[in-house]
Every structure is written in structure tokens, then in C-alpha cells.
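So the sequence lines, in the order shown, correspond to chains A and B. Position 98 of the first sequence, counting from 1, maps to 100 under the working numbering, and the rest follow consecutively. Position 47 of the second sequence, counting from 1, maps to 53 under the working numbering, and the rest follow consecutively.
Everything hinted at is true.
Some chain B residues judged to face chain A by a derived CB distance under 7 Å, without partners named:
{"id": "1", "residue": "S39"}
{"id": "2", "residue": "M47"}
{"id": "3", "residue": "G48"}
{"id": "4", "residue": "L49"}
{"id": "5", "residue": "L51"}
{"id": "6", "residue": "E106"}
{"id": "7", "residue": "T107"}
{"id": "8", "residue": "Q108"}
{"id": "9", "residue": "F110"}
{"id": "10", "residue": "G111"}
{"id": "11", "residue": "P112"}
{"id": "12", "residue": "G113"}
No lab work stands behind these hints, which were simulated from the structure alone. Predicted model only: the values in this text are computed from it and were never measured. The beta-carbon is built from N, C-alpha and C at its ideal position, and this holds for glycine as well.
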Amino acid sequence: SQQGEEDPQALSIQEGENATMNCSYKTSINNLQWYRQNSGRGLVHLILIRSNEREKHSGRLRVTLDTSKKSSSLLITASRAADTASYFCATMDTGRRALTFGSGTRLQVQP
Amino acid sequence: NAGVTQTPKFQVLKTGQSMTLQCAQDMNHEYMSWYRQDPGMGLRLIHYSVGAGITDQGEVPNGYNVSRSTTEDFPLRLLSAAPSQTSVYFCASRTGGTQETQYFGPGTRLLVL
Chain A
3 SQQGEEDPQA LSIQEGENAT MNCSYKTSIN NLQWYRQNSG RGLVHLILIR
53 SNEREKHSGR LRVTLDTSKK SSSLLITASR AADTASYFCA TMDTGRRALT
103 FGSGTRLQVQ P
Chain B
7 NAGVTQTPKF QVLKTGQSMT LQCAQDMNHE YMSWYRQDPG MGLRLIHYSV
57 GAGITDQGEV PNGYNVSRST TEDFPLRLLS AAPSQTSVYF CASRTGGTQE
107 TQYFGPGTRL LVL
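Let the hints inform the model, and build the full structure from the sequences given.
See below:
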């Protein structure tokens with residue numbers, strides 16, 4: 003079974019609105035990462051948050067991590083049509099060997 | 007740098023055939039991984055390698071073999087293709103140490119009839 007589960011599975015918003023996606027995971031982690039996948043393309047790294055961090059920002063992205071609840075959220079502010087994509091959380095185990103991905107959130111931003 | 011490259015981009019196989027999916031990276035990354043992505047799903051780890059000569063199984067290794075004879079290359083072999091292996095396959099690499107961002111190839115779309 004997959005380590006992470008994203009919620010919601012799909013999200014449709016208007017341009018300019020904020021988009022929030024949540025990720026839950028099962029085991030102890032070294033870090034959690036968020037990736038973006040445009041349709042038919044490979045994945046692109048967005049942001050990494052380590053297990054000893056609670057919040058991180060990068061441009062219009064804000065990520066939070068709650069290790070006690072084994073959950074993370076990704077907030078995209080002032081969304082644009084170009085943000086339309088699937089977003090995946092991925093966890094790196096404490097052995098730091100390989101990433102385990104969640105099932106993803108499909109974001110549709112309407113212009 | 008070309009980054010992570012994968013060949014072929016698309017392949018059709020018949021049940022029982024074998025083939026090798028190629029993956030190469032020119033970033034001198036220690037870690038390489040193979041994932042499969044089924045429609046509407048996330049990525050599932052097949053095999054990974056933490057360096058030349060060292061490989062290990064991921065979540066869904068059955069039906070696949072890997073080897074890592076060089077730092078640059080990490081081929082994935084399908085021993086006897088089955089329709090359940092129809093998927094998109096992604097190769098990824100990263101440095102060791104504290105830099106843990108993974109770089110992904112463009113993917114190979116495989117159809118097994």
C-alpha cells in the first residue's frame with residue numbers, strides 16, 4: 003500500500019483563489035516532499051520539509067508538517083491557470099533510501 | 007546536462023515478451039529509482055539503487071529485474087511481460103547525503119497486449 007494519501011483527490015477552483023491539499027502518511031520520516039506533474043509529463047520537485055520543521059515557504063507555496071498527526075498540507079496562494087496539474091506528496095524514510103509517493107491531488111484552476 | 011533520460015518513450019509488447027527500459031543520468035547521482043504509475047494513481051517504487059553494484063527491492067518488484075554496473079545507467083528488465091505491467095514507468099535520480107530532491111525522467115509508456 004502507498005505511504006501517503008492525499009486529500010482531496012480532485013480540486014477545482016477559480017484563478018486567484020487559494021488551493022489547499024493535504025497528505026497523510028503512516029511511518030516515521032526523515033522528510034516530506036511535494037511534487038507536481040503536468041499531464042503526460044514527469045514529476046517536478048516543488049518543496050522539501052524536514053521532520054524537524056513545521057512550516058516552509060517558497061514563492062506562492064506554503065507547506066506545513068505535523069509529525070504527531072503524520073500529516074502535511076500544501077497551500078498554493080493566488081492560483082493561476084498554469085498551476086493546473088497533479089500534486090503528490092512523497093516521504094523519505096528515516097533510512098533515506100527512496101521516496102514513497104501518495105496518490106495525488108488533481109488541481110484544476112479555471113481562468 | 008541532459009538530466010535523466012529514458013528510452014524508449016513508448017513501447018508495445020505482447021504477453022510473454024521481454025524487454026529492457028533504459029535510464030541514464032549525467033549528474034553523477036548515487037541514488038537511482040524506478041517507479042510505475044498506473045492511471046489516476048501515484049507512483050509505486052519498483053527497485054532502487056544506492057550506488058553502482060547495489061540494488062534493492064521497492065514496493066512492487068515482482069516481474070522486474072535491475073542491475074547497476076555504472077553510476078550513470080540503471081536499466082529495468084521485464085522478464086516476461088504481462089498485461090498488468092501496462093503502465094508509465096519513471097526513472098529518477100538524486101545525490102546522496104542531505105540533498106534529497108529527486109530528478110525524474112520523462113517516462114516510458116508501456117502497453118502489454
